[in-house]
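Enquirer: Chain by chain, the residues run as shown.
There are 2 protein chains.
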Amino acid sequence: MEKVFLPEFKSNELARLGDSAVLDAPTGRLAFTTDSYVVRPLFFRGGDIGRLAVSGTVNDLAVAGAEPVALSLGLIVEEGFLIEDLRRVARSVASTAREAGTRIAAADTKVVERGAADGLFLNTSGVGRVREGADVRPERVEPGDAILVTGSLGDHGVAVLSEREGIAFESAVESDVSPLASLLLPLLDESPGEIHMMRDPTRGGLAAALNEIAASARACVAVREKDIPVRPAVRGACDLLGLDPLTVANEGKAVIFCAASAAGRVLEQLRAHPLGRETAVIGEAASIDEDAPLVEVVTALGTSRVLAMPYGEELPRIC
Amino acid sequence: MEKVFLPEFKSNELARLGDSAVLDAPTGRLAFTTDSYVVRPLFFRGGDIGRLAVSGTVNDLAVAGAEPVALSLGLIVEEGFLIEDLRRVARSVASTAREAGTRIAAADTKVVERGAADGLFLNTSGVGRVREGADVRPERVEPGDAILVTGSLGDHGVAVLSEREGIAFESAVESDVSPLASLLLPLLDESPGEIHMMRDPTRGGLAAALNEIAASARACVAVREKDIPVRPAVRGACDLLGLDPLTVANEGKAVIFCAASAAGRVLEQLRAHPLGRETAVIGEAASIDEDAPLVEVVTALGTSRVLAMPYGEELPRIC
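Residue numbers (the working numbering), protein chains in the order written: chain P, 10 to 328; chain U, 10 to 328.
The set of hints was computed from the structure by calculation and includes no laboratory data.
Accuracy of the hints is not assured; some may be wrong.
In this list, chains with the same sequence are indistinguishable; a pair is considered to hold if it fits within one copy or across any two.
Claimed, not checked - Straight-line Cα separation of at most 20 Å, SDA-like style, residue types lysine to any residue; simulated pairs: (1) Lys12 - Asp144; (2) Lys12 - Pro238; (3) Lys12 - Glu22; (4) Lys12 - Tyr320; (5) Lys12 - Pro319; (6) Lys235 - Asp253; (7) Lys12 - Ser225; (8) Lys19 - Gly89; (9) Lys19 - Ala177; (10) Lys12 - Ala224; (11) Lys235 - Ser313; (12) Lys235 - Val290; (13) Lys19 - Ser225; (14) Lys235 - Ala317; (15) Lys19 - Glu305; (16) Lys12 - Arg146; (17) Lys19 - Arg49; (18) Lys12 - Asp236.
Here the structure is a predicted model, which is why all the values come from computation and not from measurement.
Take the sequences, apply the hints, and build the full model.
Expert: See below:
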């Protein structure tokens with residue numbers, strides 16, 4: 010920690026190497042989240058486990074309407090892991106945290122013997138300040154709400170999988186892994202009450218995110234296949250691998266439910282941001298208080314199919 | 010998470026299964042800490058990895074003068090891990106959190122394939138509210154400060170090691186693993202300005218804790234061997250294994266530096282608590298602003314030796 014991470018992190022709290030970081034408490038409401046990262050390989054096109062760990066936790070805060078105040082970093086390192094790779098991860102953690110406007114305030118390292126872990130596992134937890142006026146939760150979803158996604162789906166999962174399996178696609182796919190605080194939080198300044206629900210569709214992709222939201226909101230939602238942005242290279246890779254791009258993980262995208270009246274403004278605001286240029290309105294929340302919450306996809310042919318909750322892990326250790 | 014942990018945790022935030030828990034922010038200062046747990050075996054005399062993970066993070070908050078507000082739990086589980094063992098850990102996490110007066114507000118589980126992890130690793134992060142008036146940090150150590158430990162040393166390390174190596178000692182040693190918030194925080198209500206520094210001597214034991222404090226405080230400290238509580242069974246085991254009990258991990262003890270004038274009151278207050286009955290004053294901070302911060306032990310024979318910072322990990326995966 011002292012030799013590899015501190016020089017990168019330039020964190021006052023961390024430099025003190027105390028048992029806890031002490032911060033000024035933000036006023037109002039606090040968001041708190043945790044995630045472990047076991048991705049393999051550790052370095053992939055468009056990112057690495059460090060960028061993934063910081064982005065994932067920042068995004069979990071952002072979709073709760075919270076700006077990141079401080080992150081913690083827990084490392085489990087297998088004996089014999091290359092110090093140069095650890096430095097690379099440290100640099101990536103530090104630069105992604107800077108990009109997200111936050112810092113690593115607490116950290117811990119454990120080393121286990123060879124064979125007891127697969128190289129490197131990370132855990133990041135995060136504390137955030139919930140934006141005043143924000144109230145983002147599935148129970149706020151209303152019939153007629155517009156559903157937006159902030160860009161193309163499936164990029165992260167396909168990038169990691171193609172790296173792992175040594176598959177090269179015609180146009181190489183890069184992970185979308187990015188911290189989304191600067192994309193999402195301004196929506197809450199502009200339309201605080203009209204942003205009803207946000208989620209980053211990671212494990213299980215859009216299908217899992219929509220099914221979870223539908224279940225919590227007791228809602229039926231419908232999305233139009235033709236409006237869901239998927240890159241041709243991702244679609245091709247998914248065809249080849251027998252995957253549905255709607256169930257593949259993303260690490261730099263958000264699904265947003267907002268009041269229909271605000272959809273135009275929200276779309277415009279998202280598209281003006283470099284991380285949201287390809288934002289699309291993909292569907293609507295149809296009804297609430299259904300006995301059977303449901304996610305439907307309207308296909309290009311105009312027919313309808315149920316978008317099921319993906320079972321198990323189609324793509325293990327993708328994030 | 011839903012089937013094994015939720016029934017034990019009874020946590021409203023967790024039950025919502027959102028991306029982040031949302032809490033009311035405590036006023037004043039916030040403490041934030043993280044730790045990963047890779048102990049082997051997972052179950053040992055006096056505790057298990059779940060009790061260890063909750064106690065460790067609660068104690069990191071408590072020695073910063075903070076009461077725990079919320080904890081997060083990150084699990085990395087090896088495929089094939091017994092669900093019954095996971096349930097046992099869940100029960101232990103839940104009951105230890107209750108004992109410490111806190112709750113699991115955020116959680117995450119990752120499963121890795123067989124051979125990619127050693128059974129189960131845990132990470133706990135914690136958010137706490139720093140007690141008003143508390144200012145606990147090594148820079149506050151002053152010449153003449155009394156040094157106390159809240160009980161016998163080396164119990165945790167010896168308990169885990171003897172379990173691991175299948176060594177039975179005459180009187181079996183139990184781990185001291187316990188959350189210390191209810192022991193330590195009342196000291197700050199009684200003598201807020203006079204508690205200068207606290208630390209839980211985990212990895213590296215008392216030797217590491219005192220050396221770290223001496224280095225940060227730029228202090229020389231001296232402790233008396235005869236006053237340091239070590240159980241005969243622990244001493245015997247350490248003799249047998251070639252270990253110094255002062256470098257062996259503890260998980261339910263604290264080292265406290267307080268103003269000499271407050272030492273009597275602090276001692277009395279600690280001894281009145283079930284977890285502090287064997288509290289002892291073991292030495293003093295001698296001088297500050299030394300070029301060579303130093304920890305000295307005065308032996309039973311009246312001679313002096315330097316208590317060095319333990320190098321490497323004498324006892325790997327003990328916590």
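Enquirer: If a hint holds in the structure, say so; if it does not, say that too.
Expert: These are the hints, each one checked on the structure:
no.	hint	verdict
1	Lys12 - Asp144	neither (42 Å within a copy, 28 Å between copies)
2	Lys12 - Pro238	neither (44 Å within a copy, 35 Å between copies)
3	Lys12 - Glu22	within (16 Å within a copy, 37 Å between copies)
4	Lys12 - Tyr320	between (43 Å within a copy, 15 Å between copies)
5	Lys12 - Pro319	between (43 Å within a copy, 18 Å between copies)
6	Lys235 - Asp253	within (14 Å within a copy, 69 Å between copies)
7	Lys12 - Ser225	between (46 Å within a copy, 17 Å between copies)
8	Lys19 - Gly89	neither (26 Å within a copy, 41 Å between copies)
9	Lys19 - Ala177	neither (38 Å within a copy, 47 Å between copies)
10	Lys12 - Ala224	between (47 Å within a copy, 17 Å between copies)
11	Lys235 - Ser313	within (12 Å within a copy, 80 Å between copies)
12	Lys235 - Val290	within (11 Å within a copy, 74 Å between copies)
13	Lys19 - Ser225	between (41 Å within a copy, 18 Å between copies)
14	Lys235 - Ala317	within (18 Å within a copy, 68 Å between copies)
15	Lys19 - Glu305	neither (48 Å within a copy, 33 Å between copies)
16	Lys12 - Arg146	neither (42 Å within a copy, 22 Å between copies)
17	Lys19 - Arg49	neither (28 Å within a copy, 34 Å between copies)
18	Lys12 - Asp236	neither (49 Å within a copy, 36 Å between copies)
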